[in-house]
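K.L.:
Protein sequences appear in the order of chains A and B. Throughout the first sequence, residue numbering follows this note's numbering, covering 1 to 218 in sequence. Throughout the second sequence, residue numbering follows this note's numbering, covering 1001 to 1417 in sequence.
Keep in mind the hints are simulated off the structure, nothing from the lab. For clarity, every value in this text was computed on a predicted model and none was experimentally measured. In this text, a Cβ means the ideal position worked out from N, Cα and C, and glycines have one as well. Be aware that one or more of the hints could be misleading.
Among the chain B residues that face chain A by a calculated CB cut under 7 Å, a handful are [said to hold, decoys possible]: (1) Ile1161; (2) Phe1186; (3) Ala1187; (4) Tyr1188; (5) Pro1189.
Far from chain A by the CB rule (all over 12 Å, computed), these chain B residues [as the list claims (entries may be wrong)]: (6) Leu1008; (7) Val1115; (8) Ser1237; (9) Ala1238; (10) Ile1255; (11) Pro1263; (12) Thr1327; (13) Pro1329; (14) Thr1356; (15) Asn1378.
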Amino acid sequence: MSNKQEALFSKKNIKLIKDPLDDNNPITVQVLGICSALAITVQLKPAVVMAVSVFFVLCVANVLVSLMRKMIPSRIRIIVQLVIIATLVILVDQTLKAFLYDVSKELSVFVGLIITNCIIMGRLEAFALANTPWKSFMDGVGNSLGYALPLIVVAFFRELLGSGTLFGLEVIPPNWYIENGGFYANNGMMILPPMALVTCGIYIWVQRIRNNKLVEEN
Amino acid sequence: MKLFRNILNTAKPHFIEGGKLEKMFPAFDAFETFLFVPDHTTNSGSHIRDAIDLKRTMMMVIIALLPALLFGMWNIGNNHFIANEESVSFMETFLYGAIKMLPSILVSYIVGLSVEFAFAIFRGHQVNEGYLVTGLLIPMIMPISTPLWMLAISVIFAVVIGKEVFGGTGMNILNPALTARAFAFFAYPAHLSGDKIWIADQPVNGTVTDVFPDGYSGATPLADYYSLSVEKGKLASAVIQEKSEKTITAINEKIEVIESRIPELSESFFGFISGSCSETSTFAILIGLIILVVTGVGSWRTIVAVFFGGYFMGLLFNLWGATDFMTLPAYEHLILGGFAFGAVFMATDPVTASQTNKGKIIVGSLIGIFAVLIRVFNPAYPEGMMLAILLMNVFAPLVDHYIVESNIKRRLKRVKS
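So here's chain A without its partners, still in its complex pose:
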């Protein structure tokens, strides 16, 4: 028996985590969940909170659906998945409102919209319905980290260049600014939505230079 059972951190399982980080990244390769990624990357704090929320929702939903996969009639599986996701999202939303009110205000509707985040539905449909709970958990961890990585990188550059801060702390010396007699000015364009798209595009560009597997042949 023990021979047949796969080790918890076998190569296959580790691959479940590693794959979505680069080769099969949900945002930059599958281009899912891009809407929230563009909307909440103006500053690092909301981006991190969003990443944590998605991490929680995706991992728990994956495990729950995987546990119930033999009970769910395939005709109504989408409804069942939605109920599970919605319950979890409401949990997250209420927790944020209770403990991190200002961040929750900043994220506003986007917490609620985790329900419609294609990454979560996609993983439940494509993975959790057909795999064991542990594998589904690993898959959830991998995909939510894969969601978090570009999110945080993009938010890092947008906050640094757009507002001159990181996590709300000023990192650019105040006497650099033109108002204080220096030479520097924040790049107002970085705060605007179009630059989220451009920054995301540059991220994809760099990723494809590093990873030749992603480049299509034509």
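Knowing the structure of chain A, use the given hints to seat chain B on it.
P.N.:
Just chain B now, kept in the frame of chain A:
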């Protein structure tokens, strides 16, 4: 000439295949073809060859830009000395402006060309000469007080995101020079709009001083027209609400100050007004227009359509006349701001403009219409021309597509019948 040829001949073996600097060949090639007509021959089939190639075309545009450029330099000096209440000779005025403007031209060329060369070398393609014109256009459409590092960042953004990601010269969707300006406009709004940036002042610690001699403001005429219409609106409501006489006289005084600033028509036509470096003089731009149209480099269809579209929209607003700004005579719209410059040098960009003749007229007139529309309705963007051209750049391929499709349909019908 011999000297250049000799230098190139001795350097060539290092760059061709097998040489030490083989990878740098695109850079070498760029210099060689810039100095001499390339001796490339076609490998297959017969081609018609003409003395004109992309480099010569671009040189014609540069020549057409020269009147506006030189006038812009003089105007920078002129505005500066008027603002400081000094009177100096013509040459001094010109030299002051030239010295003020040269650094931005140098920065634009050095930064832009380094990016172009870097991409050419990494990708192993030829350096294209599109940047020769773009590099000159960018400083010409920026305010003179723009810090050089902002210019450099805008140039990098325009060349990398506006051009190279699409595949380089000839593949870009947006006009790179306007991309640079739009980027700077949205990224550093405080340095690209307002009334304190148009005059080369003595900068204090890098900031533009807001101390002007009495009665002199750097506001562009367009901004003045807008504030005039705002003040007149205030006056009307003050009269209706029967405000105290004091308020009304205060507004009246303000209106008088603004009205005294607004230039005569001939002044704005010849360009003795404030604005971005080289776009103020419609007269100098018209000289460039003649050069472009006579040599066939610029499309007269686009230019005529843009002016017509702008004039038409101006007339419509005159008929409407809801605000004071709307009653601005339609021809003034064509003369003020960057309208003429955009129509002649930006809308005609052969890459981003429409490729079909009908399309040129449609896209051109829409540029004119939108430019005036944006100006009048959204004074936060006084340079409606820039946004209108960028918008229509995006739509030009769509317009072309439908024109080609309808042409095919028409011809197919003929075949069937």
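K.L.:
Report the numbers of all earlier hints that the structure fails to satisfy, in ascending order.
P.N.:
none
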